[in-house]
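The task is simple: from the sequences and hints, build the whole structure.
Below, each chain spelled out in residue letters.
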Amino acid sequence: MKLWLILGVVALVLLGLFLSVPFFYRPAGVGEEGVMVRRAALGAKIRGLDPHDIGDTTSAAVGGQIFETLYTYAYLERPYRLLPQLAEDFPEISEDGLTYTIPIRRGVYFADDPAFPGGEGRELTADDFILAWKRMADLNNRSTNYSSIFAGYVEGLDEFRAYTAEVDRVDYDLPVAGLRAPDPHTLEIRLVRPHNFLLYWLAHLPTAPVAREALEKYGEDLVNHPVGTGPFRLVGNYRSNRFSMVRNENFRRELYPDRAAEELAERGLLEDAGREIPFIDRIEWTVIEEAQPLWLAFLAGKIDSSGIPKDNFDQVITTDRELSPAMKARGIRLIKAEDPSIFYYGFNMEDPVVGENRPLRQAMSLAFDRETYIETFLNGRGMVPTGPIPPMIPGFREEKGNPYTRYDLDRARGLLEEAEEIAGGPIPVLRLAMPGTDTTARQMGEYFRIQMSRLGLEIEVDYMTWPKFQDAAKTRSHQIFSLGWLADYPDAQNFLLLFYGPHRSPGPNSSNYSNPEFDALYEEAIALADPEERIPLYHRMEDILIEDCPWIFTTYRVIYALYHDRLQNYYPHDFLYGTMKFQRVRSDLPDSL
Amino acid sequence: MTAPEKSRNYWLSAGREVLRRPRAAVSLAVILFYLAVALWGFTGWKTPDWETENFEMAYRPPSRAHPFGTDIYGRDVLAKTVYGTRVAVSVALTASVLALVIGLVLGLLAGYFGGWIDDLITWLFSTLQSIPYILLILAFAFVLQDRTFTLFGAEFRIRGINAVSLALGLTGWVGLCRLIRGEAIKHREREYVLAARALGSSPGRLIVRQILPNVVHLAVITFSLGFVSYIHAEVILSFLGLGVKHVPSWGVMIDDAKLELFRGVWWQLAAATAAIFFISLTLHIFGDAVRDGLDPRLRGERR
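In order, the protein sequence lines correspond to chains E and A.
Throughout the first sequence, residue numbering follows our numbering, covering 55 to 647 in sequence.
Throughout the second sequence, residue numbering follows our numbering, covering 712 to 1014 in sequence.
The set of hints was computed from the structure by calculation and includes no laboratory data.
Some clues are possibly wrong.
To be verified - Covered stretches of chain E, going by a simulated chain A footprint (3 or more residues, C-beta under 8 Å): (1) 363 to 372; (2) 495 to 502.
As the list claims (entries may be wrong) - Distance condition first, Cα-Cα at most 25 Å in a straight line; then the derived SDA-like pairs of lysine to any residue: (3) E:LYS454 x E:ARG336; (4) E:LYS522 x E:HIS279; (5) E:LYS522 x E:PRO544; (6) E:LYS356 x E:LYS390; (7) A:LYS969 x A:TRP761; (8) E:LYS522 x A:PHE973; (9) A:LYS969 x E:TYR501; (10) E:LYS522 x A:ASP857; (11) E:LYS522 x A:PHE860; (12) E:LYS522 x A:ARG868; (13) E:LYS382 x A:LEU846; (14) E:LYS382 x A:GLY975; (15) A:LYS969 x E:ARG503; (16) E:LYS382 x E:ASN433; (17) E:LYS522 x A:TRP761; (18) E:LYS99 x A:PHE853; (19) E:LYS528 x A:ASP857; (20) E:LYS522 x E:THR112; (21) A:LYS757 x A:TYR745; (22) E:LYS522 x E:ASP405; (23) E:LYS99 x E:LYS454; (24) E:LYS522 x A:LEU846; (25) A:LYS969 x E:LEU432; (26) E:LYS522 x A:HIS957; (27) E:LYS522 x A:GLY975.
On a predicted model such as this, the values are computed, not experimentally measured, just so you know.
Virtual Cβ for every residue (Gly too), placed ideally from N, Cα, C.
Given below as structure tokens:
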């Protein structure tokens, strides 16, 4: 009897607790008066948030809210225009083009972090940039970005890099002649030869400053403790599938831009002109690798913006490529934009099978049916590419055509015979690495396998997570890999640098392509100050790549971005990642359900 | 006329017992049909072609030419289902046999010898049993995925179907091992075993000739009931991307369907689930009947 009584009481208590959950539990950001929450989703895990090594869009999407760079782009102006950000002004460049003197903005503070004395972020100085760039040069850090940004340009930095390979403990206090801070708010960069892209790079996330205090406290673990000057700071651990950011209390006074391209102004993007930013109090990030859950979360209003998965495209977009009335009625809006990007299957040119066999690469390129690919996986949101230089980038040749991006199985078979002669027998099984383990990645891998089997080649596909995939690329362990490149700045050099020999992995040349003729043209082109003069050289380089096929160019893509209309001031930017500080989430509009 | 009474063969009578139940008989027919389809897949003789893609025919609903419709690459879903049967049945069969052998051998050894051998084996299966089953096979599948190892100078590569079968077989023996161990402990003290030992039988002979025949019905029951769980596990692993690659599997078909349903493409899901449903149902019914038939205590009871 007594036992029953006790059990009954316990059961009642449990039931009470269970029923009271809805009263205490509140999903993040719901029902908190006056707190503006932006809910964002990522389609892949983040590889890491150490600025020098950020080289992928996922890490940049998150890191862009935390870190800032000396220069940035005007958010709403087209064509794109550079603006000073952490710099007070544009650099003073000496007549020979070799010395850049950059005034650092005063009153910029790092976000509060236990690394600082008293936990309070201190003011940014020129030394923070010098430290950050020495870390990028440090060979032990295996940065993706050093070879394309600084290698061969900054006086003494390459020597510093060589020194880091020789010592056990790198001393970051060792002076580098080309990087000096005459006073805390002046940064002086001395070059050994003119660097025509330096300003673009100084607007690129990997050149963001690093606080010495943070490095001293966290050491190698700095990658997990991003400390920046940006509008938001991380709370908790970004390696989990849900994490958030709050406003950086130390963020300086910054105003919403008052200039915009006409088309953007017409969309109402200037309504907040002159108001202090950021508007958002908190960003809730969710990592959702599978397309469907992400899409359903978007439809349910749990995230503010999203792309359109291939299987939902017809449900959302009408035959004349507009948003369906049903979606409009739900308060969903669409932005269509061309995107300077190229997607491809890359060959590791150091691989003895594919690297030394040009007819094989050409045959595979010819055997890949791009039109069906674009229809099947992109619902027509793409174009058959010419070469590495995409639309919107000066130097793009629409009419040029590429003899190897046509689908021509007969010619491919002919080339394969040549390839087999070179290989001295049948081509062995080839391995393709796909950057994803989700259903769509599997279907795309399968598509490649099917296309190559039509040619008579056998392909083994490996599916790996995004971080694992990138690490394998850094160590040159792929044979064939699927990847894309989105422009960092509006110059074709940003695409051609992916083939420059000295940029081989861990640099951005993931194909490890190396061709003396190409390298000579590249060096000649980048030394030209006038962008117009570079273009004929770019075309010659592109011609070499078209013939050599280190990549199977698959698509130039077009962006279809969707967002709920409660999200305001939202517009895709091709080079800028830290755009959430401009955005606003209206709480008077209900979640579109 | 006198005639000696023939002893009724235990297995034969059990078989009759099972087949006397109409539901079990129908189930057996269905199972045999699946096995035949799997075998057909193996022979490759006039099997429907699942490999030929035709992108113009992508996502066609069921029709006369394609009774189960087509998939994203315009491949025939019926043919994929047939091939999926081959994958599921061969994985389940290999895994069952592997688990059976390990479970039987270890169980008999532990039960008969006791002592430190028993301690060791009990420790091993208790450890394995304490890990949740799905996590355990996921871990095994992860580790075994795409491995190359050398054995007796020859190089073996485990991947796809082999990796899945191995992962399932290496994790699936625990239940049987426990059962057999218990039975063996019971039997080793029985008079007939003691008598055989007194006559000088070696331990090996005792185990194989005396104890094994008296516990083997447990193995048969475990086999028939375990088979279906291996089929499920194969589907789960393939669904999660840890299973077979490049060949159709019911799990991969369901994974595809997850996206396709939004396009209104339901036939791939329907085909795979129907295939899983019927084999699961019939294996359960048949497995129950086998257990009833083989367990002397349940003999004659109609349930």
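Now for the hints, and whether the structure bears them out:
With 6 residues having a beta carbon nearer than 8 Å to a beta carbon of chain A, the stretch 363 to 372 of chain E meets the requirement of three or more and the stated coverage holds. Residue count for the stretch 495 to 502 of chain E with a Cβ under 8 Å from a Cβ of chain A: 4. That meets the three needed, and the coverage hint holds. Distance restraint check for LYS454 (chain E) and ARG336 (chain E): the Cα-Cα separation of roughly 48 Å exceeds the 25 Å cut-off, and the hinted pair is therefore not satisfied. A hinted pair counts as satisfied when its Cα atoms are at most 25 Å apart, and LYS522 (chain E) with HIS279 (chain E) qualifies at roughly 20 Å.
As the CA atoms of LYS522 (chain E) and PRO544 (chain E) are separated by approximately 29 Å, the hinted pair breaks the 25 Å bound. Among the hinted pairs, LYS356 (chain E) with LYS390 (chain E) is consistent with the structure: their alpha-carbon atoms are about 22 Å apart, no more than 25 Å. With a CA separation close to 20 Å, the supplied pair LYS969 (chain A) and TRP761 (chain A) stays within the 25 Å bound. Distance restraint check for LYS522 (chain E) and PHE973 (chain A): the Cα-Cα separation of roughly 30 Å exceeds the 25 Å cut-off, and the hinted pair is therefore not satisfied.
Among the hinted pairs, LYS969 (chain A) with TYR501 (chain E) is consistent with the structure: their alpha-carbon atoms are about 18 Å apart, no more than 25 Å. Between the alpha carbons of LYS522 (chain E) and ASP857 (chain A) the distance comes to roughly 16 Å, so the proposed pair stays at or under 25 Å and holds. Taking the CA atoms of LYS522 (chain E) and PHE860 (chain A), the gap is about 23 Å. The hint holds against a cut of 25 Å. A C-alpha spacing of about 22 Å is found between LYS522 (chain E) and ARG868 (chain A), which places the hinted pair at or below 25 Å, so the restraint holds.
A C-alpha spacing of about 43 Å is found between LYS382 (chain E) and LEU846 (chain A), which places the hinted pair above 25 Å, so the restraint is violated. Proposed proximity of LYS382 (chain E) and GLY975 (chain A) is supported: the alpha carbons are some 21 Å apart, at most 25 Å. In summary, the hint linking LYS969 (chain A) to ARG503 (chain E) is supported, as the alpha carbons are separated by about 22 Å, within the 25 Å threshold. For the given pair, LYS382 (chain E) sits about 20 Å from ASN433 (chain E) by alpha-carbon distance, which is consistent with the 25 Å threshold.
Taken as a hint, the LYS522 (chain E) and TRP761 (chain A) pair is broken in the structure, with Cα atoms around 32 Å apart against an allowance of 25 Å. For a cut-off of 25 Å, the pair hint linking LYS99 (chain E) to PHE853 (chain A) stands: about 19 Å separates their Cα positions. Taking the CA atoms of LYS528 (chain E) and ASP857 (chain A), the gap is about 22 Å. The hint holds against a cut of 25 Å. Taken as a hint, the LYS522 (chain E) and THR112 (chain E) pair is honoured in the structure, with Cα atoms around 14 Å apart against an allowance of 25 Å.
For the proposed pair LYS757 (chain A) and TYR745 (chain A), the alpha carbon gap of about 17 Å is at most 25 Å, so the pair holds. With a CA separation close to 19 Å, the supplied pair LYS522 (chain E) and ASP405 (chain E) stays within the 25 Å bound. The hinted pair formed by LYS99 (chain E) and LYS454 (chain E) fails the criterion: a straight-line CA distance of about 38 Å is larger than 25 Å. The suggested pairing of LYS522 (chain E) with LEU846 (chain A) holds, with an alpha-carbon distance near 22 Å, which does not exceed 25 Å.
Simply put, LYS969 (chain A) and LEU432 (chain E) have alpha-carbon atoms about 18 Å apart, close enough for the 25 Å limit, and the pair holds. The suggested pairing of LYS522 (chain E) with HIS957 (chain A) holds, with an alpha-carbon distance near 22 Å, which does not exceed 25 Å. For the hint linking LYS522 (chain E) to GLY975 (chain A), the alpha-carbon distance of about 34 Å lies beyond 25 Å, and the restraint is violated.
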